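For reference, the chains in residue letters:
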Amino acid sequence: MKTSLQNSVRNGVVFGVVIVFLALIGFLVIAASLLQKMVGNPVGLTSMPSAASLLVFLGFLHLWNGWRVSHNKEDIDTNVPLKTRILRGLTAGVTTGLFLLVYALVVGTINERGVDMRVYLSMLSSQSIDFFLFNQSPLVGGLIQFGFSAAAAVVGAVLAKFADSGKDKVKSIQKAAVAWSDKSWLGKVKTNPYVSYVLIGVVLLLLVLVPRQWGAYWNYIMGTVGIYVLLGLGLNIIVGLSGQLVLGYVAFFAIGAYSFALVTAPDPHNLQFNFWIALVIAVLVSALSGVLIGLPILRLRGDYLAIVTLGFGEIIRILLKSDWLKDFTLGPRGLRNIAGPTLFGREFIGDIDFMYLIILAVLLALFIARRVQDSTVGRAWLAISQDETVAQATGVDTYKYKLLALAIGAAFAGLGGALFASRNQFTGPEDHVLMVSINVLCLVIVGGMGSIPGVVLGAFALKGLPEILRELESYRLLVFGALLVVMMILRPEGLWPAKRPNLEVKQPPPEPETDTRPAAIGGGS
Amino acid sequence: MSKVMLETKQVTKIFGGLTAVNRVDLVIPEGAIASIIGPNGAGKTTLFNCISGFYNPEFGAVLFDGKSIKGVLTDKIAGLGISRTYQNIRLFQNMTAVENIMVGFQPRLTQDWWAAILRTPGYNKEEKFVINEASKLLKYVGLEGLGDHLAVNLPYGAQRRLEIARALANKPKLLLLDEPTAGMNPQETDEMKEFIRHVRDDLGITIILIEHDMRVVMDISDQISVLDYGEKIAEGTPKEIQSNPRVIEAYLGPGAAALSEKYRREKTG
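Residue numbers (our numbering), protein chains in the order written: chain X, 1 to 525; chain U, 1001 to 1269.
Hints should not be assumed to be uniformly reliable.
As the list claims (entries may be wrong) - Part of the chain X face toward chain U, derived, beta carbon under 10 Å:
hint: 1; residue: P42
hint: 2; residue: P332
hint: 3; residue: D374
hint: 4; residue: T394
Read the hints as simulated data drawn from the structure, not as lab findings. Model, not experiment: these values are computed from the prediction. Cβ coordinates follow ideal geometry from the N, Cα and C atoms, glycine included.
From just these sequences and the hints, can you work out the full model?
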């Protein structure tokens, strides 16, 4: 009993601190206006959202507060009586409420004295403080917040009771549903091999139709996501599969972009190669650079490899920028007028056309990545990533496979870089900063190391989500960071963790040689 | 048993000031089960590491099938036909059991990476062959049905057997087993002992064994070499080793030989 109340107080403190923090940075106002926008009643630029929307947002947090404390892990008996739950919810709600009350009194009083808080906290305007106090005096407003917190937490705790008692019912219904779906036509559909082909067809059809519909802005965003999928697939091979922690991955991206740009741009060399030839050159040059960079670092492992490759990434960028290579790469100015794709004399550099090109490139990369991963090569890489010494002693040519991983990874990055340069028709040293490497590494980790669907999901989460969250303006990165933290708590192995295939042949074909073998050890058990 | 499978000549490995292996001569005939025993820190595993290419000995020669393998990379040595297991099990933990064995097939593969991307008929055939053979090996070591479990999730004894299966995958001529019965109960130890004998008899593989369990060593060895402080102090059949005073001294300390002689006389007399 005592510990559970302590737990409630602790929970209440956390929620109190978080809500006060959100209030201090002005996020409550933003959240309330977002809610109002969602129900189709957008807020004007100067006015504040309605009190009801604030209550809804805070109410959600308070309900969650009560819900969390209503049942906790230390409960031996999961069937906690309603009275205990209410007490717990009340404790948590009162604790949170005390925080809000104190906050209301302090900030409200300061505001009443006419001090402009915005000097210290840019988002804490007088208006937003009044909004928090429901346009009442600090004491009254604080008490409203206090009472609401306590009441909502109790409601949350009671709701959790119903949810818990309903859980078994839900489970049995689920079970029945699964059993039914396995037996009926749904089960047949599930096991039918053609279903997956149909699904792939539907996805392809969507990929053809959707870019025509959603306009230039989304095509640009999704094009960026696509390029990051390419980069992610490449780095996934290097880091996720072969286990080489390469932090200078952007070097290959830069080499791809620059080699494409140098052979197509009119300035400084005026080679003006055809788009497709230039694309092949970019991919080959990147792959070669992967091998060349790989050769000196073959013997490095772990942290040392990370540091050295980090250096490589920076060296490439600084070289591109340097005065020394100015005649060759135009230094910090970057390269302009890079060629767009042409086919049979027709130029297609529109957003939609380019989106298709990126989709094709991603599909090609997905195809190659999958085939490599599910093969002897992929297994050799995994073996190297798990124990390089033993992998070599088991007969894996570690040097060859590590170089191969770097070459394929670099080729993907080069393809991404070339498309990137071609789409923007410009590339400069500042396109190839360390952040690109870190972003790509993040998306591989967020998606799940060594998992191809994970890379795609990770690219959407890291490159697409911030654009969707643009509504939140300056809080975009805060929410994004919070989402990442939540995700890593809930799914520590990534959004879509890698799985190993089932390969064992349960009844291998008999062979005369094996027939003479006696029963092996432990066979009887 | 006339042909010599492995020969070490004056092999010496020095770590800083410590001579871990000191001028060890070994001659292992084909088809033998040879044991290397000795107290902890005697240099047994270091000698294994010199043979399998983990270490490059400072001095001396290692001849496998008549050819020197000193300084050859470990993957090439595996390709020549030497496989090994490890004292502390070293599997590829997050791969399935079958996949672990399939990695062992690496030296025998003929198809290159581009064939894997293009899925050429040759590659598909080889992949099918490898999967079938790996499943067979799995059955051979008694792990049938466990092939799709991650190696890390297998019980201890199964991991030991899986390690041996992986070592057998490249059709070795010589198998180095580093304490294969460590941490096993008497029944498991007996099973392992029989299994090692079967591997030699069925597959004709020469086996070198590092082992602390004397019942195993004395039962299955054709030849025993004793190391102490990096030097070979005795060699011979199990019977010869049991009564060798230097061996008893190395295990039990100076004076122990005399004591054991006394006990024997009291027992018989």
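Hint check:
no.: 1; hint: P42; in the structure: 50 Å, violated
no.: 2; hint: P332; in the structure: 39 Å, violated
no.: 3; hint: D374; in the structure: 9 Å, holds
no.: 4; hint: T394; in the structure: 5 Å, holds
Of the numbered hints given earlier, the model fails hints 1 and 2; all others are met.
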